[in-house]
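Residue numbers (this note's numbering), protein chains in the order written: chain A, 49 to 289; chain B, -7 to 345; chain C, 331 to 707; chain D, 343 to 595; chain E, 133 to 456.
Among the clues, some could well be false.
Facing chain B, according to a computed beta carbon distance under 8 Å, are these residues of chain E, among others [unchecked claim]:
id: 1; residue: PRO254
id: 2; residue: LEU403
id: 3; residue: GLY433
id: 4; residue: ILE436
Calculated from the structure, these hints are not laboratory results.
Cβ atoms here follow ideal geometry from the backbone N, Cα and C, with glycine treated the same way.
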Amino acid sequence: MAEPLLSLRGVKTDIGRYHILHGVEFDVPEGGLTMLLGRNGAGKTTTLRTIMGLWRATAGEVRFAGRNIAGLATPDIARLGIAYVPESMAIFADLTVQENLTLAARSGPPDQKRLDWIFSRFEALKRFWTLPAGNLSGGQKQMLAVARAIIEPRRLLLIDEPTKGLAPAIITNMIDAFRELKDGEASLLVVEQNFAFARQLGDTVAVMDDGKVAHTGSMAAFAADDALQQHLLGMGMGEHQ
Amino acid sequence: MVRAILSDDLPRSRWLAVALVLIVVGLAVAPFLFPGAKSLNVAAKICVFIVLAASFDLLLGYTGIVSFAHTMFFGIGAYGVAIALTRLGAEWTAVAVGIVAGLIVAVALAALIGLFSLRVRTIFFAMITLAVASAFAILASQLPALTGGEDGLNYRLPAALRASFSLADGTLFGVRLNGRLVDYYLVYAASLVLVLVLLRVVNSPFGSVLMAIRENPFRAEAIGYRTVVYRTIASCIAAAVAALAGSLLALWSSQTNPDTTLSFDIMVDILLMVVIGGMGTMYGAVLGAVLLVFAQNYLQDLLGIANQALAGVPLLAGLFHPDRWLLWLGVAFILCVYFFPTGIVGSLRNRRS
Amino acid sequence: QQQQPIKIALIYGKTGPLEAYARQTEAGFMLGLEYATKGTMEINGRKIQVILKDDQLKPDLAKAALEQAYGDDKVDIAVGTSSSAAALAMLPVAEEYKKVLIVEPAVADQITGEKWNRYVFRTARNSTQDALAAAATLKDENISIATLAQDYAFGRDGIASMKQALAAVGSKAKIVHEEYAPQQTTDFTASAQRIFDALKDKPSRKIVVVVWAGAHPLPKLMDLKPERYGIEIAPGGNILPVMAGWKQFPGLEGAIYYYWGFPKNPVNDWLVAEYKKKNNGAPPDFFVAGGMAAAMAIVEGIKKAGGTDTEKLIAAMEGMTFDTPKGKMTFRKEDHQALQVMYHWRMKKDPPDNVDLLELVREIPADEMKLPIKNKR
Amino acid sequence: MLATEDLTIRFGGHAAVDGVSCAFQPGTLTSIVGPNGAGKTTYFNLISGQLAATSGKVRLNGEDITGYAAPRRSRLGLGRAFQLTNLFPNLSALENVRLAVQVKSGKGLDLFSRTLGHRELIDRAMTHLAAVSLAERAQAIAATLPHGDQRKLEVAILLALEPDIFMFDEPTAGMSIDEVPTVLDIIAAIKARGDKTILLVEHKMDVVRSLSDRIVVLHQGKLVADGKPAEVINSDIVREAYLGGAAPRDAHG
Amino acid sequence: MKKDWLPLLLIPAVAVVALPLVGSPTSWVTLTAAGLAMGLMIFVMASGLTLTFGLMDVLNFGHGAFIAVGAFVAASVMLALSPWMTVDSLWLNLAAVGPAVLAAMVVSGVLGWGFERVIVRPVYGQHLRQILVTTGGLIVAEQLLKVIWGPDQITLARPTALRGAFLLGDVAIEKYRVLAVIVGLVVFAALAITLNRTRIGLLIRAGVENGEMVEALGYRIRRLFVGVFVAGSALAGLGGAMWGLYQETVTAAIGAQVAVLVFIVIIIGGLGSVGGCFVGALLVGLSANYIGFIAPKVALGSNILLMALILLWRPQGLYPVAKR
Ligand SMILES: Nc1ncnc2c1ncn2[C@@H]1O[C@H](COP(=O)(O)OP(=O)(O)OP(=O)(O)O)[C@@H](O)[C@H]1O
Ligand SMILES: Nc1ncnc2c1ncn2[C@@H]1O[C@H](COP(=O)(O)OP(=O)(O)OP(=O)(O)O)[C@@H](O)[C@H]1O
Ligand SMILES: [Mg+2]
Ligand SMILES: [Mg+2]
């Protein structure tokens, strides 16, 4: 089996005085979509931020495309072809939708075909093209945050809870979009609470609990194993659907 | 008991506790420990500035209001007493009149500014207050008949506060018990009380709302607090205390003039005191005031010594020349802000936990 | 008793905007002691000990410093200070401690006016003396004067005493316009326009009298070419660095308190030579002379009183005449103001350098300037 | 009873809420659904006073409160939890809730008593924290709580206000499924008391279905459907505009 | 976003209103020309602060220090080249002023770089600590100036070709102000283009709002900030040099003196809008002259008055930059 695009080994992260991550280990295979699951406070967001270099790993390696990127500065990590959608969305409220996307497209003005493709998924962005992003609705902000990550081709997408606040119709669109991306150019690492979404999309899964990865494997197997879900998530995926 | 006096706001750090005790006791015995006009002067200044800084912390640290007009209220208090003593003669009634007048003007002005402009953005409010303050300073210098203009006012204090007045005919531990001593303990006691009152205010339910507003005014409104009202009340309290501090200064130094009460330098000083000490912790204001007033009064002497040592070395000697004490004060500021991001108190408390 | 030193405190605004002046005062003061004691630094066998104190131009600090000097350091006599506001704050202290205070170089009239007390002497000249001197340069024929001053107490007092002064010296000049500009003014176009409009059609000789503290407006006024209306400008004397900036206006005239080239007497000769030696060629300026005068007054006074007892000192110094770089000065009995000569100067054609600037029109003798007595004893 | 009459707000040309008239009975839970940008949050903002209506009225028990500022409405019993978490970041979880409790107690203007002296307030705050199972995190600084816990704190603050009208804006968004029931149970409990009016904005259809007595559908600011859950959810408009394909296009802005 | 012309119209409006009050047209022309020139000089000094304050949200009270440094450096260079200054040849004069100004910009720019690294970097986004730390910086800088150049004020005579005035009939227009106008306009144009025609402006605004996210998008925001800060300081240096030449005396306090004026200007402008700063500066320059002529008494507070009026009309300044 080929070397995974991203792999974490023994990653530890502290925030201030608190030890948040103690030895996170999992892989994101090239061209695959890995779901990072776990209870509130398990450390998912912290993990993504650590990969992105927004928190410093105090120990362990983060290998991306064969090189250890732990310790690199955030911009340099991004320039390796990694895009990030934070949990808080962190859209630039003072800038218009257009300006937000212009900035996200590092290598020049956004390519029109790509834009149209995004509009076809997230129609609201087109409609509020010139509106300050701060005035967008919660869901629209979420769409913008995702659009910002996919406005240009990237090798790896780190996405923190993309579906929160989205209407079912839009979620469906997003699923399509992510499918196309992973079949095409990118690999994805997605943190999610919405399990219908997770199950439909995930190839592999990593489940976090209290700052460690408690289980990794194929999504299919995990989805089948209710006992394991009970044990790791305190709740079966079947429920609430 | 202690809890009640400190309104449950305990130092929460051994070192802080030690420092505070040292300050309170030290100031109490200063006249006898360090006799002499200068040290007494420094001690009194420390008391006054502790109050002033603390009142400013109520605005800055607890309510998140950035105001550059705080010295204006300080000045109003000072001029209140000064003018009264000049016009009505060196009488206690004059003092009373002055203090009350100062309070009224200060609070009224604060309320006015608050209601009109506390709605605007922080930074704009800051600039508006800056404008008002400088306008006020101009006014003061344009009314020489009343304020003595640039020269300020020199006046006599009530007899009991003058050096000539001697108490219980005699000396204690070799220190003449004269009016200055009476004056000093008057200032000391008043300051102590005022600080404790402020401590109570910030630890009252009212105080907790102020902090909420500082954190997130939008949400504070949403759960039912009218931010403008709270902010305005806070500014009025701060203004009142600042005015009282001013009155104390006027009562101590028997002269009042623009650059010791209204100048922007003073404004910067109290800003430094609050932030170096630690915003949003009354104790920070206390520490900050002590440190700064000390530095301002003794750094020069220290440098004198250093300069002796370095005599001959060309540039260094220049750098350590006593006249360059401001340079080192500046450096100290920067280092403080650097190494105590949360102020001295903040750092002490973190160290502990 | 006999052998314990004579302690003198020198209080001045050593740090702050006027630092440069303060250093001059100190230098002059030290030279004065040296000269007056023939280098022994002793008076009647008692060593002189000078204690320097910085008031940063702040009245409260000045006051504190003086209290400290009298109270803690037990000085016999004190000298100060650079800022008038600070000096005024010091006066009551002298009275409280019953010790002599020599005011130098502060100029405010009140110091020897309503705020005066019997412990206060002043070697520095006061604003009225400046005004009288300036007036003395404007005596001849009929002149139309416009004044330009800063819009606050000092500026307005300055013009007020200017008017009295003109009357006092019996000048026929009349003031046709008074212009007051904000203290911090940097752009004088507006003021100049108003002044020009007021003066330009006057038949007589037209002069703008400028009374200004801080960055002097003269060059900016000159830029607007007053000569096109035949308007002259009388800037009044100033410190050398400022007047160096006026080099390109030959023929400027005014009155000045001290210029190193003017006084012809042994004291000044010694001072100029000595000072140049110590400051690689730079001649002494305003405040050097002032400092020296203060020092010489003290030495003279103590010698005359035969000691440092305050009452004796006051008795000795009242009416005392003493040597200074400006020649003889006399502490007038009534208000302890030192009466002294002033100088009427003219800017040289093209000055060789930045310090050799002025030529003497005439020395204005002290008795020509009828200085009113403004204090009550 | 809470009612809006022809409530409208325009931003420039674009009407975010467009003539919505609707009344909400005590003891009922009404879900408000609609595509992203339909105007749900804005509708809430108009009711709770964060935004001022361009036209139309908001009535509470017959009283016209359209002109009232947010604090006043809150004190009249309109309680509101926000979609994007909106706490006092540097205060402890407990303090966040205690402040809410304090509003009703009217102690806000009490200058000279000690906060810690008012035990009853603190205890009440603790019970509300416990209700959202955050009791053991009481002393944690709000900003350092994980997203899910922050959402729960948001709910605790609403409870602490003890309002008559509860407005939840996607209370479970970003909450892990084992936590979701806690919140749903709380809402159910409030509903059970029978005298409270509950408005719920939620995108999770299963949640909506299980809780609502009634569903109101907003679409591009207009009220397009209103009725029993079953019928509304199966109506064409909902299938088309909300559950089904992408929202219909039309030019704007 | 459509352009908002009202504030621009304010300038001619003020001038027109002033005409009848001033009375004599020639005086009016003199005042107006002088006022505009003064405005542009102020603009050059303020523009740097607008950049750092407005775009990066850094409240740099130390700005005055760079102005002072600029003035001192320029003064030294010119004194060194004084022979070229005193001859009556515009070209030789400029040959002396040019290098002086350049040196001023370079030095203060370098200083700005150090300032950013040592003093400002740790306090991005924290207004209060910025005020303090930069005030501290100001004090230190002022004192260092005294250590290096000594406490006395330095007198530098303006070059011969730049003193005096052009006389058009009864109207006098100072030569130096003409130069000020040219420089001011150049600076304005340069800034306007970089900020509106490139993505730099966007980046900075985004970076202020959420630096982390901008970095996550792959931009090295730190470098950008440093760059802006250096540019700002260099502009301050330029302003300082020009101001020094105008004042003809240079003291360590020169920066602190103009600081308040500069702050007022950018507040009027709307905190960070270069256009606003431009209009603000011109308004300040004009009103000061008109009021100084019509009612000198009022001139005391004319700037504050102006600011108050503007803020009453537009509480966020003439061209509000996004709320922070
Ligand atoms: N800034 C911070 N300071 C201190 N602790 C923090 C900070 N941010 C997060 N934590 C702690 O780190 C732990 C993991 O938080 P994280 O946000 O990674 O969880 P999560 O898995 O993303 O949860 P959620 O699903 O709710 O987003 C939590 O216990 C949280 O309290
Ligand atoms: N200040 C504003 N200016 C212009 N348009 C605005 C403003 N505020 C909101 N809008 C628009 O109004 C519409 C309604 O926004 P709202 O937040 O109410 O939607 P929502 O129903 O809550 O959507 P979501 O489910 O995503 O939260 C959105 O299209 C938004 O872009
Ligand atoms: Mg998370
Ligand atoms: Mg919403």
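Given PRO254/E as an interface hint, is the shortest Cβ-Cβ distance to chain B below 8 Å?
holds, 6 Å
Does the interface hint hold: is GLY433/E within less than 8 Å of chain B, judged Cβ to Cβ?
holds, 6 Å
Identify whether the interface hint at ILE436/E stands, where standing means a beta carbon of chain B within less than 8 Å of its own.
Hint on ILE436/E: holds, closest Cβ of chain B at ~5 Å, below 8 Å.
Is the shortest C-beta separation between LEU403/E and chain B less than 8 Å?
holds, 7 Å
Consistency with the previously given hints is maintained throughout, with no hint failing.
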